[in-house]
Amino acid sequence: AQSVAQPEDQVNVAEGNPLTVKCTYSVSGNPYLFWYVQYPNRGLQFLLKYITGDNLVKGSYGFEAEFNKSQTSFHLKKPSALVSDSALYFCAVRDRGDSNYQLIWGAGTKLIIKP
Amino acid sequence: NAGVTQTPKFQVLKTGQSMTLQCAQDMNHEYMSWYRQDPGMGLRLIHYSVGAGITDQGEVPNGYNVSRSTTEDFPLRLLSAAPSQTSVYFCASSTPRTGGPGGYTFGSGTRLTVV
Numbered sequence: 001a002q003s004v005a006q007p008e009d010q011v012n013v014a015e016g017n018p019l020t021v022k023c024t025y026s027v028s029g030n031p032y033l034f035w036y037v038q039y040p041n042r043g044l045q046f047l048l049k050y051i052t053g054d055n056l057v058k059g060s061y062g063f064e065a066e067f068n069k070s071q072t073s074f075h076l077k078k079p080s081a082l083v084s085d086s087a088l089y090f091c092a093v094r095d096r097g098d099s100n101y102q103l104i105w106g107a108g109t110k111l112i113i114k115p
Numbered sequence: 001n002a003g004v005t006q007t008p009k010f011q012v013l014k015t016g017q018s019m020t021l022q023c024a025q026d027m028n029h030e031y032m033s034w035y036r037q038d039p040g041m042g043l044r045l046i047h048y049s050v051g052a053g054i055t056d057q058g059e060v061p062n063g064y065n066v067s068r069s070t071t072e073d074f075p076l077r078l079l080s081a082a083p084s085q086t087s088v089y090f091c092a093s094s095t096p097r098t099g100g101p102g103g104y105t106f107g108s109g110t111r112l113t114v115v
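Taken in order, these protein sequences are the chains called C and F.
Counting in our numbering, the final residue of the first sequence is number 115, and the numbers go up one at a time with none missing.
Counting in our numbering, the final residue of the second sequence is number 115, and the numbers go up one at a time with none missing.
Isolated chain C, as found in the complex:
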């Protein structure tokens, strides 16, 4: 069965420190991978995606993610955290062979950046 795991419900980071939000996945074929962010009382916003090519993907607000096929992971990273990065982050995956455009979602990780 296809699935996405975000093993941490919450990640706490001090402002200015690097941050990592973890994501691992399981799909039957080759994946498309996505990260979304949700600020309080808002809808989800697209951050970045991996389609093909370079395993390091750069996205909005200084975030990047590294696709690791052997470890089936797509961890979200940022070199220096800001308090404004505090939000709920969702990882999602789609099987390239899925013609119904379905994304499989992780449960979300709450990121808290402390001043």
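Treat the hints with care, since some could be wrong.
Covered stretches of chain F, going by a simulated chain C footprint (3 or more residues, C-beta under 8 Å) [stated by the list, open to error]:
hint, region
1, 16-28
2, 37-44
Covered by chain F, per the in silico footprint, the following chain C stretches (three or more residues, Cβ under 8 Å) [stated by the list, open to error]:
hint, region
3, 44-53
4, 105-112
Because the hints were derived from the structure by calculation, they are not lab data.
Using N, Cα and C, we set each Cβ at its ideal position, and we do this for glycine too.
We have chain C already, so just place chain F on it with the hints.
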């Protein structure tokens, strides 16, 4: 370009009442979907559509109905509201791009309370 528009933003229903949550997109996206978001449970897919006249059930379809008469609109109907349907509802749309998929575009959500 308005993106995905959801109405209303907030709604309180009495048990047994029916209502329709509206979702409209102006991006000519083929794919539209409805999710509900509950604390600690991430996003759960209710119904989705891959084009006008085509709908299908997601993970939690019971108590909800959808139709897709046009590309732009994808309303979600609650047939007889129950307290278990208290949640935040998100509509999302998407389209594949050449060489890979586009991400989802989300509406700002409808916060529904059933008393």
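Looking back at the hints listed earlier, which ones does the structure fail to meet?
1
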